[in-house]
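S.K.: Sequence:
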Amino acid sequence: MGTAQTGVQAYALIEELNPEVLVTDIRMPVMDGIALIAKVREHFPLIKCIITSGFSDFEYARSAITLCVSDYLLKPLDSEELSDILGKIKREFQIAQNSFEGIFSPATTRQTPTQIAELLKEYILSNYTSEINLNLIASSMNYSSSYLTKIFCQVYDCTPSKYIINLRINKACQLLLHNPELSIRQIGEAVGYHDQAYFSRIFKKHTGKSPFEYRET
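The letter at position 125 of the sequence shown is residue 125 when you use my numbering, and the numbering goes up by one with no holes.
Hints listed in this document are in silico derivations from the structure and should not be mistaken for laboratory results. Given the structure is predicted, the values throughout are model-derived calculations rather than measurements. The C-beta atom is built at its ideal place from N, Cα and C for all residues, glycine as well. There's no promise every hint is true.
Stated by the list, open to error - Lysine-lysine pairs mimicking DSSO-like chemistry, simulated, CA-CA at most 27 Å apart:
id: 1; residue 1: LYS162; residue 2: LYS150
id: 2; residue 1: LYS39; residue 2: LYS121
id: 3; residue 1: LYS150; residue 2: LYS75
id: 4; residue 1: LYS121; residue 2: LYS75
id: 5; residue 1: LYS162; residue 2: LYS39
id: 6; residue 1: LYS150; residue 2: LYS171
id: 7; residue 1: LYS150; residue 2: LYS209
id: 8; residue 1: LYS171; residue 2: LYS39
Stated by the list, open to error - Derived DEER-like restraints, expressed as beta-carbon distance ranges:
id: 9; residue 1: LEU86; residue 2: TYR147; range: 25 to 31 Å
id: 10; residue 1: SER105; residue 2: PRO19; range: 21 to 27 Å
id: 11; residue 1: THR109; residue 2: LYS88; range: 28 to 34 Å
id: 12; residue 1: ASN127; residue 2: PRO29; range: 19 to 25 Å
id: 13; residue 1: TYR147; residue 2: ILE95; range: 22 to 28 Å
id: 14; residue 1: HIS194; residue 2: ILE103; range: 34 to 40 Å
id: 15; residue 1: THR114; residue 2: GLU81; range: 43 to 49 Å
Please construct the entire structure, taking both the sequences and the accompanying hints into account.
M.R.: Right, dumping it as structure tokens:
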């Protein structure tokens with residue numbers, strides 16, 4: 001869909017094109033690949049990320065794992081290995097699509113924009129603990145994801161992605177206060193975040209406190 005020379009240029013393209021997969025180097029000027037993925041994770045959490053780099057340093061690999069990348073490939077890039085990874089991601093998308101087939105389809109577009117937004121909200125409320133791919137949902141109705149986002153914003157005054165995050169954080173707050181038997185990791189997993197470090201980072205960004213600090217208040 002697009003190529004870029006710096007992380008800043010790449011992020012601008014992501015905002016414009018909303019791709020499903022990002023393949024990035026680590027060493028880039030202005031903004032490196034790790035910083036780029038961290039920013040993408042914050043604002044576009046459903047984009048699948050693949051890192052390719054000539055540096056086999058463990059710290060880079062550990063950062064990649066923390067950011068939940070789909071894979072970490074060393075240069076020179078093996079085209080068959082990349083093809084296998086893209087095939088795995090495609091299968092993940094197909095599995096996700098099966099979860100909403102029959103709910104969202106071209107026939108859904110016969111409803112009013114408000115009804116479509118309400119349908120999407122109900123779907124999110126029922127499935128927020130799982131991965132919700134808005135690109136696939138929009139595609140199943142022959143919409144662009146930006147148009148689906150526009151419809152949702154007109155009705156609920158926020159993007160679907162922000163709605164999902166707010167829903168998850170609010171539920172996490174309830175669990176932290178009322179379920180002391182659950183660990184921070186278990187609570188993160190219960191609301192759809194399967195990486196504890198990422199869950200803690202998102203939680204602190206939105207509440208001003210880490211999950212542990214919130215529980216202790």
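S.K.: So, against the hints stated earlier in the document, which numbers end up violated here?
M.R.: 3, 4, 7, 12, 14
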